[in-house]
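2 protein chains.
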Amino acid sequence: MNDATRADWTIVENEFSTRTNLAFEGMATLGSGYLHVRSSLEEALEDDPQNLDFMRMPANVTAEKFRRQKSKWGAYVPGVYGKHPTLNHEIVNVPRFIGVEPEIDGERLSMESNRVSDYRRALRMDVASLERSFVWKTESGAAVRTTFERFASGARKKIVAQRMTMTSDAKATLRLVSGVDADVRTNGYNHFEHIALAIKRDHSIECKATTDLNEDVSIVAKLFVEGGDWRRRESSRRAELEGEFELRPGETFVFEKRSAVSTSRDLDDLSALDALAEIEAATYDELFEEHAAVWKARWEAADVEIDADDEKSQLATRLSIYHLLRAHVEDDPRVAIDAKGYAGDAYWGRFFWDTEVYLLPFYAHVDPKRAKTLVDFRVRALAGAKQNAKQYGYNGARFPWESDPRGLEMCPNWHYADHETHVTADVVFGFQYYAAATGEDDYPATEAAETIVETARYWLERIDYLEGDDKPSILGVMGPDEYKPIVDNNFYTNLIVAYAMQIAARVGEKGGASAEEVKEFERVSRELETLKRADGLHLQCEGFDRLPDPQFDLLWKNRDKPFAAQVSQERIYRTKCLKQADVLMGMFLFPSRYSEEEIRRAYDYYVPLTTHDSSLSAGVHAIVANWLGYEEDAWNFWKRASTIDLDGGAEQGVHIAGAGAVWMIVAYGFAGMRSPIESERPTFRPRFPKNVARVKLPIMFRGASLTFEATAEEAKIENRGDDPVEVAVFDEVRTIKPKQTETFSIKG
Amino acid sequence: MNDATRADWTIVENEFSTRTNLAFEGMATLGSGYLHVRSSLEEALEDDPQNLDFMRMPANVTAEKFRRQKSKWGAYVPGVYGKHPTLNHEIVNVPRFIGVEPEIDGERLSMESNRVSDYRRALRMDVASLERSFVWKTESGAAVRTTFERFASGARKKIVAQRMTMTSDAKATLRLVSGVDADVRTNGYNHFEHIALAIKRDHSIECKATTDLNEDVSIVAKLFVEGGDWRRRESSRRAELEGEFELRPGETFVFEKRSAVSTSRDLDDLSALDALAEIEAATYDELFEEHAAVWKARWEAADVEIDADDEKSQLATRLSIYHLLRAHVEDDPRVAIDAKGYAGDAYWGRFFWDTEVYLLPFYAHVDPKRAKTLVDFRVRALAGAKQNAKQYGYNGARFPWESDPRGLEMCPNWHYADHETHVTADVVFGFQYYAAATGEDDYPATEAAETIVETARYWLERIDYLEGDDKPSILGVMGPDEYKPIVDNNFYTNLIVAYAMQIAARVGEKGGASAEEVKEFERVSRELETLKRADGLHLQCEGFDRLPDPQFDLLWKNRDKPFAAQVSQERIYRTKCLKQADVLMGMFLFPSRYSEEEIRRAYDYYVPLTTHDSSLSAGVHAIVANWLGYEEDAWNFWKRASTIDLDGGAEQGVHIAGAGAVWMIVAYGFAGMRSPIESERPTFRPRFPKNVARVKLPIMFRGASLTFEATAEEAKIENRGDDPVEVAVFDEVRTIKPKQTETFSIKG
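Chains A and B, in that order, are what the protein sequence lines are. Heads up: the first sequence begins at -15 in our numbering, then just goes up one per residue. Heads up: the second sequence begins at -15 in our numbering, then just goes up one per residue.
Treat each hint with caution, since some may be false.
Since copy identity is lost for identical chains, a pair holds within one copy or between any two.
To be verified - When the alpha-carbon atoms are kept at most 27 Å apart in a straight line, the in silico DSS-like pairs for lysine-lysine are as follows:
1) K280 / K503
2) K296 / K674
3) K49 / K155
4) K374 / K545
5) K356 / K516
6) K545 / K455
7) K455 / K516
8) K54 / K353
9) K141 / K184
Keep in mind the hints are simulated off the structure, nothing from the lab. Please read these numbers as outputs of a predicted model, since none were measured by experiment.
Let's have the full structure, built from the sequences with the hints guiding it.
Structural data, given as structure tokens:
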């Protein structure tokens, strides 16, 4: 890989600032699927305590103001949750094990000091590692070239390895403090009811922290360094070793730390101690090599190339895919992907509808095994969904708006929890998407059948009939557009519920439904309609078009900030303003049901009303704009959707659903892939805004492995598999032989 | 007063039970307006700690499950608030000063023990005092006849006096512990940041507790007893004296305790110490006498007689009036009456719309000075209301759903705070009601004018125009019926806002409005309409009549419990079920605007849909049912409305607005008084359910002092004032000379 290419794989920061540090930490989060660590500095910052107790209250995360911190330490093991007094169960920030505190001649290392120069911090996405280097001119007069490296092993998922080097131009005394710190908080709350710490003679520190949900998190951190004069530093919540070393001019001092994490809920028996012991013989470079090999294979199956006339598109796309590859494992269906991609605890480690609608497509078309974990997660959560339904007074299964690993509703805000019912149908959509995309067509009628039927039973009780109406309605819901909180016959909800009921009618018998029930599923699926005006406009909900204008000109004073941050919620609720456009969202999922004219009519009507206050909004709008040939909109929405984390949005974690949306914009938008829900044959209708010259991406489609590449003039499809594949580009259908590439010319 | 009459003035409990104790404590709360004390036992109960820390979360109080306690200590000074981390500011339960812990021969007094017989506890409403008596057969073999008495002085509002007597039939050793306990909580929260305690040689205990809003509460409690052997018992939050005494057979041992409370927000300079010192020379009986004289005068101006064929009507009516007389003072417009009548902290000491609509009429017609305090309270709170409006992005003034003394919104639940906007118009209705009822017709155009104009400015920005509509709408509101959370053109809201705008147009110029604004107020008042169907049914809101049936038969399994406790909120929100009927509420306030047929149509339509889950519901329904001659409904609603606290509903405090409603049922319902808003001449149209034979009540009306008495056959009106008064009974108009009584015969 030459340097020019490397640039597209590496996100570099050349200046340290406490203003941007939080965002970098989140954006550069490392992880193995099993374990995730924010890329905080090894050394603590001045005046930036990480053990403050405060009470985070239920609020709308989008509009929430977070405490200003210079840094936010965070390390998460998916599935390890704690009990929060106001927020329900939340993922736990486990004890910090990456800390290393250097001190030279009595002076603490500080990135905030002007004694640090040549600073560089970088996330290398190709090999999923973090690097930092700088020169530290100490008060005592030495210039110490320092590097830090770190990776969370992709090969050994419980291990994080770190290396620090220091090369001083003068003799100096280095003191290093490093260990495990359990005095951390999650959203200002201490979840550890019991902490056991031990320092061993081999320079390893052991920590077992038991959460308030009785989960054990065991951490072993071992320090590797030659020589030194050692002391123990122990308190009730922290255990560290302090070593003193002589830096000699021109000689490179090397310090390594390896940490292993295990928990009481692990599927394997590998304790943290065993995991670490197993690799003690290997060098840092050897460990890194096996780690890099894993990532190389991942990228081969997933990398997306995009030639655009800006500097960010390629990097931003890779960053999205990096996090998608990092955040999820294929071997643990007890967890899904939390809304912050395990790069922060702002969303409490919860699973949303994003799972099915924004994340599943990437995995289904890139790594079907990981996609299977996601759909299996929902099937496993059926018991929780049934409990939710019961809680609300219904039979059947009701999936939670904010799910914990058990599938129980955790959302502390009733308006979302009670009304954003579409998630229950989104889950069924997900089953069907998985089946259609991977060719595992039996999935809905076998493994998922009972779950599908239970959701349909819930809907049978949840539908209503308005007086004087003989067709079913769904009343009192919030669509994906959360700015209309309790509405009737929401376009998206009715559409997706009718679809889910259609699937339920199809698999009902296999899922234990009676013939009578199946007939009811079928009838509701047929009769449940969305609203369409005589002039062809599809309505977001009953009465939507009579609502007053949102007065953006008057009220939305600062367009760089969400509309919701500038007006009261009650005003938002009673005007036409949208967070995201539900009609377009529905049309995006089922485009073949609507004429281009209908889609255009909807786009032209709703987009001027849409605030895109949701990070999920721009992605789908980019795709629909691109379909309609609204090049400028498509490009602007693409930039907005793709750069959210790259440009500083990852302070509290990454927008992992947005990362899924980035992949979808390329696949569904630029490459024009038709949804497997609507087409069994891989079909592409590439179309670009003028700023994009070429895209190339691997796509799995019903078992076929393709590489799709297109410019404005031609599309090339490589069949990487062993069987011939029939594909289409626009209306041209061809069969591609194994290992062959077909080129389609595109008419302008 | 003979015994038969006494029975109607005294609420007696003959058996102590920890199941009912909480309700008795609340129901029998004593108070002076300045200071209120729940009628907990003097001695603590076993296993019933009052210093537990827990986090009460924002919830719907109606549906909230409170912690099971045997007892709930509570003493409140209106205006003394603390900061709660989840609930905003709340009234503070001040340190406990009524405690007395007797122990005989080493055995603690316990009402739960079978050693106690002849138990009697009584609230004497005529003299606002609490009595308890019983015989305690001690383990050591003595039979000790014991009495406790207590009153919160009506004459000296900072003082509570207590007396205990013991007469033993055998020699015994009595140990008494008594003092001040600041180790108390409000809703599980400690509001005291600093506590200073001192025990003085004269057997007085001083306590100064500083709240987290920096308010000082000073308490001095002094013990009066002859002889004894004394010890101090002190801790950081509690100071007590322990005295030992010999009980001699047949001799009566007397112990007295007097406590005085003052705070840093008092309007006078009288410290607790001074207050107590001032009365040290008086005997308990002397103090009681001056206290009883105050209450005698109060009752003369307020007592309502009702002859009904049940045992409870008279007692329940007196209990309501007792609390109305207790809960409010005429000399401090910085506070109003909190929703639990200062008999509990369940509603955090907040002021609601009840103030104007349920409480004001009683005071306006019984004690106009106290009514003035209530309206003045809102005028004083204008600055807070303006701040609220600004917070929501509006000009003008927006009164809070849950007000603190500053007039700031304290409601932690956004759906009520954001949407129950009608309170801002209710406040203006209150100003006008006060003016019309008392004859202080200038009030709206003078003292209240600016406040009225500021609310009208808010409404000008809060109204909307639906597309295709040239008349104003009010969108996205919750009416008094909280079971339709965010609706358009709510009947009650539109009605009361149009009325408030009419008043604003009238006084606008005086309140600083421009001519242009006044024109706008007038126009909106004229154009803002309520919805009426072609068939004459007034609609609660847009689309109400199309909603599905609430399926009470299927879902409301236990009719003794609120519907809301048995179904999910989202289901309530999307069906026709009502908490209370907004259309009837509006018609109750402005009955002359509707034909009897319209009112009947509304009653017949809405009442079968109404759950009356709100304690405010039955009162207004009783009145409207009575007007319509629905005797059975009127009687049943009367029983329901009047007995709520008498029958065990006062655990967390009394339903003070319900107490106001009880008075209104008698005045507006049975006596048929026309609202001063609609009639300047005192006019009565008495009508009774067959279970009621007679009512008699004093009524102030535009300066006239009347006593109204009616049976089914005749009505008598006494003019107690010094000027002739023109009155009407049905259509018969007569002028009554001073000190004369006129009798009107009523046609059957």
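(request) Give me the numbers of the hints this structure contradicts, sorted from smallest to largest. (result) 1, 3, 5, 6 and 8
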